[in-house]
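Trainee: Residue-level listing of the chains:
Number of protein chains: 2
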Amino acid sequence: MKEKKFFLSENDIPKQWYNLAADLPPAPPPLGPGGKPITPDMLAPVFPMNLIEQEVSQKRWIDIPDEIIQILYRWRPSPLRRATYLEEYLKTPARIYYKDESMSPPGSHKPNTAIPQAWYNKKFGIKKLITETGAGQWGCALSFACKLIGLECKVYMVRISFDQKPLRKSMMRIWGAKCVASPSNETNFGREVLKKMPDTPGSLGIAISEAIEEAVSDKSGKTRYSLGSVLNHVLLHQTIIGLEAKKQLKMAGERGADVIIACTGGGSNFGGLSFPFVYDKINGAKIKIIPTEPTACPTMTRGPYTYDFGDTACQTPLMAMFTLGHNFVPPPIHAGGLRYHGMAPLVSQAIVEKLIEPRAYNQVQCYESALIWANTEGFICAPETSHAIAGVIDEANKAKQEGKEKVILFNYSGHGLMDLAGYDKFLDGHLTDYSLPESELSKSLESLKNLPKPSLK
Amino acid sequence: MKEKKFFLSENDIPKQWYNLAADLPPAPPPLGPGGKPITPDMLAPVFPMNLIEQEVSQKRWIDIPDEIIQILYRWRPSPLRRATYLEEYLKTPARIYYKDESMSPPGSHKPNTAIPQAWYNKKFGIKKLITETGAGQWGCALSFACKLIGLECKVYMVRISFDQKPLRKSMMRIWGAKCVASPSNETNFGREVLKKMPDTPGSLGIAISEAIEEAVSDKSGKTRYSLGSVLNHVLLHQTIIGLEAKKQLKMAGERGADVIIACTGGGSNFGGLSFPFVYDKINGAKIKIIPTEPTACPTMTRGPYTYDFGDTACQTPLMAMFTLGHNFVPPPIHAGGLRYHGMAPLVSQAIVEKLIEPRAYNQVQCYESALIWANTEGFICAPETSHAIAGVIDEANKAKQEGKEKVILFNYSGHGLMDLAGYDKFLDGHLTDYSLPESELSKSLESLKNLPKPSLK
Numbered sequence: 022m023k024e025k026k027f028f029l030s031e032n033d034i035p036k037q038w039y040n041l042a043a044d045l046p047p048a049p050p051p052l053g054p055g056g057k058p059i060t061p062d063m064l065a066p067v068f069p070m071n072l073i074e075q076e077v078s079q080k081r082w083i084d085i086p087d088e089i090i091q092i093l094y095r096w097r098p099s100p101l102r103r104a105t106y107l108e109e110y111l112k113t114p115a116r117i118y119y120k121d122e123s124m125s126p127p128g129s130h131k132p133n134t135a136i137p138q139a140w141y142n143k144k145f146g147i148k149k150l151i152t153e154t155g156a157g158q159w160g161c162a163l164s165f166a167c168k169l170i171g172l173e174c175k176v177y178m179v180r181i182s183f184d185q186k187p188l189r190k191s192m193m194r195i196w197g198a199k200c201v202a203s204p205s206n207e208t209n210f211g212r213e214v215l216k217k218m219p220d221t222p223g224s225l226g227i228a229i230s231e232a233i234e235e236a237v238s239d240k241s242g243k244t245r246y247s248l249g250s251v252l253n254h255v256l257l258h259q260t261i262i263g264l265e266a267k268k269q270l271k272m273a274g275e276r277g278a279d280v281i282i283a284c285t286g287g288g289s290n291f292g293g294l295s296f297p298f299v300y301d302k303i304n305g306a307k308i309k310i311i312p313t314e315p316t317a318c319p320t321m322t323r324g325p326y327t328y329d330f331g332d333t334a335c336q337t338p339l340m341a342m343f344t345l346g347h348n349f350v351p352p353p354i355h356a357g358g359l360r361y362h363g364m365a366p367l368v369s370q371a372i373v374e375k376l377i378e379p380r381a382y383n384q385v386q387c388y389e390s391a392l393i394w395a396n397t398e399g400f401i402c403a404p405e406t407s408h409a410i411a412g413v414i415d416e417a418n419k420a421k422q423e424g425k426e427k428v429i430l431f432n433y434s435g436h437g438l439m440d441l442a443g444y445d446k447f448l449d450g451h452l453t454d455y456s457l458p459e460s461e462l463s464k465s466l467e468s469l470k471n472l473p474k475p476s477l478k
Numbered sequence: 022m023k024e025k026k027f028f029l030s031e032n033d034i035p036k037q038w039y040n041l042a043a044d045l046p047p048a049p050p051p052l053g054p055g056g057k058p059i060t061p062d063m064l065a066p067v068f069p070m071n072l073i074e075q076e077v078s079q080k081r082w083i084d085i086p087d088e089i090i091q092i093l094y095r096w097r098p099s100p101l102r103r104a105t106y107l108e109e110y111l112k113t114p115a116r117i118y119y120k121d122e123s124m125s126p127p128g129s130h131k132p133n134t135a136i137p138q139a140w141y142n143k144k145f146g147i148k149k150l151i152t153e154t155g156a157g158q159w160g161c162a163l164s165f166a167c168k169l170i171g172l173e174c175k176v177y178m179v180r181i182s183f184d185q186k187p188l189r190k191s192m193m194r195i196w197g198a199k200c201v202a203s204p205s206n207e208t209n210f211g212r213e214v215l216k217k218m219p220d221t222p223g224s225l226g227i228a229i230s231e232a233i234e235e236a237v238s239d240k241s242g243k244t245r246y247s248l249g250s251v252l253n254h255v256l257l258h259q260t261i262i263g264l265e266a267k268k269q270l271k272m273a274g275e276r277g278a279d280v281i282i283a284c285t286g287g288g289s290n291f292g293g294l295s296f297p298f299v300y301d302k303i304n305g306a307k308i309k310i311i312p313t314e315p316t317a318c319p320t321m322t323r324g325p326y327t328y329d330f331g332d333t334a335c336q337t338p339l340m341a342m343f344t345l346g347h348n349f350v351p352p353p354i355h356a357g358g359l360r361y362h363g364m365a366p367l368v369s370q371a372i373v374e375k376l377i378e379p380r381a382y383n384q385v386q387c388y389e390s391a392l393i394w395a396n397t398e399g400f401i402c403a404p405e406t407s408h409a410i411a412g413v414i415d416e417a418n419k420a421k422q423e424g425k426e427k428v429i430l431f432n433y434s435g436h437g438l439m440d441l442a443g444y445d446k447f448l449d450g451h452l453t454d455y456s457l458p459e460s461e462l463s464k465s466l467e468s469l470k471n472l473p474k475p476s477l478k
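Protein chains in written order, with this note's numbering: chain D, 22 to 478; chain P, 22 to 478.
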């Protein structure tokens, strides 16, 4: 009987994270006020020093503390599954595997970094973490982590999602977090915004600004800020996905993967699965690695590689990355987790080094792919994840045309049970293709004009 | 390192279901019009003959067709997990294990029978299945099964849930089923009800009547009805849960279980986990087996064992069971799956034979238990499942008082991600204890007065 699922024993959980920074050329440094490189101590009011050390580390392998591993056991190692029913449906000679990150209590890959972040903060003496959330996946994951580890947690949730996604709010509450709509009356910045625009739906940029303001203004020094994607240490924590997947591909009798695919918003689920394979590629393996993004927010496929702010309010350091400009307002597509204007610096560098090949998909094709998935494999995927599945179907069809037995591995980053409204719109025929118009793109890129350009060696 | 999760290989999936009917005294037969025992051919317009054969079978072990096993592989064997964090929280010497049925695509144990039911119907030449659903779990499971197996599916969903639970409706739609609010204009019975009570919120009784009417009135003979609990063949299919759990307890190094707990609405998740252990008990093993129910709908703990109809409209055969009377209208507690007036005949017989010991819990204690669960083990359980967890916490505390290292096994029948509203109400302090008043119970039991009484040998 052909096995479909590959489970690692708990003893086989990776004991170290993989740090891609060790294997890339030196990165253009983040820049602070006046265009000067940021030093670790400048970040100290925002993050605890043990995480800052990981953020700037050049060590290839970083030990995972045993206490963190113990907590990850609640749902890890995650299953690797083979999508035999999709293969049959597509009549492809490709063997399609997916790393199933949807089985975590919050339903996505996000807790892989929420747990270590909460743990390192606690270790450093921090009592409370503040963060922001858009659609709510990250807010749920950090609430969950803080509850298990024993920290207070507060989440600024973008007003429009706060009103439209009450389910996510309930989850945060169950795990003991305080969730407030942003802009709020709880910060100077929030009050300022509300005075000017009392009816604003809010934005991730505003929410980030509020969360950082509250974190750094706690005089006791016991509060810090936490981010769910983009930064080096976040992607580092996620590499447990790819490291597990490598072992599981061996269990499945495969020598490795030919194609790796993951959807990409800030870069964390993509980096998590792919970086251990990027390492193999740097060392000579022949692997095609594809981050997929929406045509509505085509950061990697149409943005330039340059310095930009991580937030709309220009409060973060400047980072060298692919970006659509910090003023970019993505249309309200259902894949809320893929609506970020920038891209993780490590993912961006891998693009510059031609190690990975980004690709954009429009939302109609993505929902079509999600429906094929639900009607073959049976599971209902998150709208973000559907962007990976669209890529998988393309590559499986290509393997069929070429008559090649490729091994395709993708990241099943989350389930779609909290985001069914998009499926209804699609089934009602109310979703249309959306590609960012050239005029809008050039307008948005103007915000980058006076910012420094990274020099690459 | 102490393992927390126990996975069976796909080759270890049970190849036979266990039929408890083989090991109980002859059951009082279902009675049809005029009080005469029902014969298999009288059921033929409603169910396919291969399922009717299972319904009346006295064979102890019934082979699971290989094609069904192949489909169950999508998510089975389900994990057995040890709840070490709950154990630590309770400081109990008990070892608590749970069979995790929440990982199926529809999120509960229901597809364990939806898949075989769809498969046997297809095998029998049926093209379309009709069913009813209350909160939506069963409707989702049957939609999912029909999509994978290639049958049309139509679900009559109780009007109030149809309006209040749009998420479940979306899931059914994704899996290709047609879901209509009941009462509807699509059946004679529905039109009749609507004429008399145009604003009725509907009821499971009405929905069952509509579903059966549509199924039996298809002149082509290619349509049948499907039920998600109560009947013998449904509980038979669910025994795969307990059979897997037995193997997994061995993997965990346990000689068996001392206490078995599951929540009980119609009886299918309880029967599924417990019947293979009831078999051991019949054969001399010392096991305490506890079905838990809500104090708001105390079928097993306060109802009599007698003949009653399965539906409100008195269209089904009379079954010998514990019942609150077919007119009983349970209050709108959040555990929608536990609001049934009757109890599976096999579960009822096991109570009569003193093989199992029912217990009732009120909803406040259940939500308190669910919150302890979410804040220790990390997962968010269904409101139904919280009734099992309340029982588990009681038994674990008892083990502590007695200083005994008991093994407690319970059925984690489903996740709560589609039912978060109840948690919000609980956290807002808006939920109160509810026990069925004696006066209401006696009034409801009046409907049983003129019905025959089962004779037990």
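Calculated directly from the structure, the hints in this document are not laboratory data.
Note that the structure is predicted; figures quoted are calculated from it, not measured.
Ideal placement from N, C-alpha and C gives every residue a C-beta, glycine not left out.
Honestly, I wouldn't trust all of these hints.
[Unchecked claim] Below, simulated DSBU-like cross-link-like pairs (lysine-lysine); rule was C-alpha separation at most 35 angstroms, straight line: (1) D:Lys25 / P:Lys143; (2) D:Lys112 / P:Lys243; (3) D:Lys36 / P:Lys112; (4) D:Lys216 / D:Lys302; (5) D:Lys216 / D:Lys470; (6) P:Lys446 / P:Lys309; (7) P:Lys112 / D:Lys446; (8) P:Lys243 / D:Lys148.
[What the hints assert, rightly or not] Listed next, with one range per pair, are the computed distances between beta-carbon atoms: (9) D:Lys419 / P:Ala43: 49 to 59 angstroms; (10) P:His451 / D:Pro222: 26 to 36 angstroms; (11) P:His451 / D:Met272: 25 to 35 angstroms.
Trainee: Compare the structure with each hint and give your call.
Mentor: Hints versus structure:
1. A threshold of 35 angstroms between alpha carbons decides the hint, and for D:Lys25 with P:Lys143 the separation of about 25 angstroms falls inside it, so the pair holds.
2. Restraint check: the Cα-Cα separation between D:Lys112 and P:Lys243 comes to about 31 angstroms, which is no more than 35 angstroms; the hinted pair holds.
3. Our distance criterion of 35 angstroms between C-alpha atoms is met by D:Lys36 and P:Lys112, whose separation comes to about 29 angstroms.
4. Restraint check for D:Lys216 and D:Lys302: not satisfied, since their Cα atoms lie roughly 52 angstroms apart, outside the 35 angstroms limit.
5. Distance check on the hinted pair: D:Lys216 and D:Lys470 sit about 30 angstroms apart at the alpha-carbon level, within 35 angstroms; holds.
6. Proposed proximity of P:Lys446 and P:Lys309 is supported: the alpha carbons are some 33 angstroms apart, at most 35 angstroms.
7. Restraint check for P:Lys112 and D:Lys446: the C-alpha separation of about 49 angstroms exceeds 35 angstroms, so the hint is violated.
8. Of the supplied pair hints, the one linking P:Lys243 and D:Lys148 is violated, its CA atoms being roughly 64 angstroms apart against a limit of 35 angstroms.
9. Remark: the range hint 49 to 59 angstroms for D:Lys419 to P:Ala43 is upheld by a beta-carbon distance near 54 angstroms.
10. For P:His451 paired with D:Pro222, a C-beta distance near 29 angstroms keeps the hint of 26 to 36 angstroms intact.
11. Distance hint for P:His451 and D:Met272: a CB-CB separation of about 49 angstroms, inconsistent with the stated range 25 to 35 angstroms.
The structure fails hints 4, 7, 8 and 11 (numbered hints given earlier, in ascending order).
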